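So the sequences go chain by chain: B and Z.
As numbered in the working numbering, residues 1 to 485 make up the first sequence, in order.
As numbered in the working numbering, residues 1 to 251 make up the second sequence, in order.
These aren't lab readings, by the way, just hints derived from the structure by calculation.
Since this is a predicted model, take the numbers as computed values, not measurements.
One thing to keep in mind: the hints can contain errors.
What the hints assert, rightly or not - Simulated restraints on C-beta separations:
id, chain 1, residue 1, chain 2, residue 2, range
1, Z, Tyr-210, B, Tyr-392, 26 to 36 Å
2, B, Lys-429, Z, Gly-13, 39 to 49 Å
3, Z, Ala-94, B, Tyr-411, 26 to 36 Å
4, B, Lys-429, Z, Asp-186, 35 to 45 Å
5, Z, Lys-129, B, Tyr-392, 32 to 42 Å
For each residue, glycine too, the CB sits at the ideal point set by N, CA and C.
Here is what each chain is made of, one letter per residue.
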Amino acid sequence: MASPADSAQTIDDFTDGDYKYGFVTDIEADTIPQGLSEDTVRFISAKKNEPEWLLEWRLGAYRHWLTMTEPHWAKLYYPPIDYQASSYYSAPKSSDDGPKSLDEVDPEILEVYAKLGIPLKEQEALSGIAVDAVFDSVSVATTFKAKLGEMGIIFCAISEAIQEHPDLVRQYLGSVVPTGDNFYAALNSAVFTDGSFAYIPKGVRCPMELSTYFRINAANTGQFERTLVIAEEGSYVSYLEGCTAPQRDENQLHAAVVELITLDDAEIKYSTVQNWYPGDKDGKGGIFNFVTKRGACRGRNSKISWTQVETGSAITWKYPSCLLIGDNSVGEFYSVAVTNNYQQADTGTKMIHIGKNTRSTIIAKGISAGHAQSTYRGLVRIAKSATGARNYTQCDSLLIGDKCGAHTVPYIEVKNRSAHMEHEATTSKISDDQLFYCQSRGLSAEDAVTMIVNGFCKQVLQNLPMEFAVEAQKLVGISLEGSVG
Amino acid sequence: MLEIKNLSVAVDGKEILVGVDLTVNAGEVHAIMGPNGSGKSTLAYALAGRAGYKVTSGSVRYQGRDLFELSPEERAREGMFLGFQYPVEIPGVAGMNFLKSATNAIRRHRGEDELDAMDFLKLVREKAKLLKMDEKLLHRALNVGFSGGEKKRNEVLQMAMLEPRLAILDETDSGLDVDALRIVADGINRLRGPDRAILLITHYQRLLNYVAPDYVHVLAGGRIIKSGDAALALEVEDQGYGPMLSDAVAA
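This is chain Z alone, in the form it adopts within the complex:
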């Protein structure tokens, strides 16, 4: 699904990622953990194609294609989804309209019929209900005046509607209370399937109690310094990043 080789990315001329290697296969859930400033969000933005994130070396293949040949919207239409750490406010555009435009842009690309207003509404209601989201929220301007938790839930709703092949979730768990965390985790688990992959970027082990990862990677200083299974997340929780960082320096 996703094959990252020796990827280096610079922002404002400063190297943030320095030689990241990571392979994610269909059906897998990978968690990426790491201290503040380790480059986790940079990896997410570089994969989604944000301007200003300059690839200085390495390659990424996505579903067998060179990812960097694709514009951000083409990546999205090809099934990539980025759940934002800080979802962006768009005044004047109702969440419902936004979601309908996005859903239909992706359906068109897939050669599927666009959803009409009725079918769309039915589908959104169904998905919103699972996330215990108030439908009223969707009639308001996108993310404007939403609480932190509402914004994150809205991200997961968008993901549920767009049914991505590869979902990259950048700290979707931050700012959620326990109940909301469980609901969001359920939303992520519903997306799991043999032909989809999920990349969870998180600070904490917390989310991983609900979404069990197949692999856990620790990103520090712009490279992956340690990979393992779910036990690695527990190790981080227990000991912090300190010991791993000194091991990495020693190595």
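Chain B with its partners taken away, still in its complex shape:
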């Protein structure tokens, strides 16, 4: 450091921040050849030993999908996706018949999760969190099942729920996100391989956080998981979801569907920390993440709250939404989307107000660094029936450097005059002045950025369960590593 000009950190230089979950595990896997046809759908359904109705449901979705075209309204640019180039089923071989207990889970897989900081052995597991681990296409382990079972809570892989609780699955699957809802939801409905299922019976407050941990390991496979959470009258559950993938040069497709249902006075709090591999600093590789998440507040006074921290994926296309059907129901969406290098995120929410006195809150924070582009896209619709509806929307964008972009696209449709709508949006930039001010107080430029960004995200991060909040705070810092200096 020769002169003050050189020694001072400027915010133009971008180097790579390391993705620490990029390892690949060598596990013998049962993977079907690449390609997608009715036979693929039949194969998956047969492999899972599914009932006839579900096969028909899948085939219906597949046939519908064939008639659909990929949506391109989002502000995302990527090469055409060849849906025949992916393999639609990959399962660790050892779990062909499904592990009966954790002792039967391939130790290598247990090790993968240990490496990710998620102990699956119950005696070592964090108390207060039950985990369902989904590895490539199948759920490999679910912890604390027995303990939850005593309270009537069902928490298991969705493939298991299809076998054990077919009536519940049949009643609710596709009831919030119909098979033909959109291109990716149709694809998911046709080929979903596993995912998590949770059912909280009437009046039960789930005593621990339920958590699903998704890991893509195999190459050239897509991951299509399906999550279904049902909260009966007066029940409560907090659900966490985490995602990582190995570092690979080619793009991998991830298209999940999550459906939430709350009945009278029930509440679901759904938190996601999405950290799929984002690609390298030149934009090579990374996960294409096209996800449909939707919750239906069917009951009166019910509540669904989405909190997401999106730091990974090369492409993010994701709009967790709430259908506020029951009177006095509440929808919330708290989001932090961090994009660095060449990442692109087009994310937001839809709040559809149908019942009377329904309320929704949207707090979206976008952070862009490097050459990244981040878009907030949200719809608030107040139906004619939604007398007394209220919405508060706040969208804030923070730019680091001068080669990135932030965009806000709010849609508001109001059909009832009694609605109260508030919308606030800001765009700010971490300036050289701010960095220098922090440095002149002894903080490094990186610490200063982390501090400023965490301050910017605080409103959202404080909605995460404690264990996740600390991790998310660190993750936000790590994702922006190399964005200054």
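Based on these hints, arrange chain Z on the given structure of chain B.
Leaving out everything else, chain Z in the frame of chain B:
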């Protein structure tokens, strides 16, 4: 403590400082006065290491080390403090958090234990009280929506917390009413001590009524044209910079 030799600094290719010489020893208070655009703030920024302030010649030794070997944060950790003329707003970061991070970054560097939340809070309350600052201000986002006076008081609070060896205060007196000026001056005086030095940059003699300087320098046209004791400040107050400037040109 600080030894500036023949320092020239350019900003955007334009020479602002042209051969500044100044030596500040521990225990001393130096005041730098000068007309607008004379290079006072440039000197402060160059010493603190702001990007874009390019040293074109000369040298600065700080506590026996080449100052330009150090990054801005290293300078701060080594005990240099710059009180900003225009303190920067940082939305979303509470003043308390900022101050705690800074205090602990510097304590770590000194090999001292970090202050825990309780000890830190106790210390901040004590210091804030001396500056008659409302603690509520510290729970708000740093400098956001602060009045001019509040920002300056906050700078002095940071200085009091970080206990610098060398404090450079860039027009910390501007924008303060008489009462606030007295409080800020008290804050500066409390920092005076045999192993510390203070460099006061000011337009006016006003502050020097409360913080008596050992030396006064007049900076004009990018160089120090006159040095003296406190009487020099009174001379400036009385006659303005005019006569000195013409003397300097004549010389």
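- Task: Could you check the hint for me, namely that Z/Lys-129 and B/Tyr-392 are 32 to 42 Å apart, CB to CB?
- Result: 38 Å, holds
- Lying within 35 to 45 Å: is that true of the beta-carbon distance B/Lys-429 to Z/Asp-186? Holds, since B/Lys-429 and Z/Asp-186 (Cβ atoms, about 37 Å apart) stay within the stated range.
- Message: Is 39 to 49 Å respected by the C-beta to C-beta distance linking B/Lys-429 and Z/Gly-13?
- Response: About 25 Å separates the Cβ atoms of B/Lys-429 and Z/Gly-13, which means 39 to 49 Å is violated.
- Indicate whether the distance between the beta carbons of Z/Ala-94 and B/Tyr-411 respects the range 26 to 36 Å. 34 Å, holds
- Item | B/Tyr-392 and Z/Tyr-210 - C-beta distance against the hinted 26 to 36 Å | 49 Å, violated
Of the numbered hints given earlier, the model fails hints 1 and 2; all others are met.
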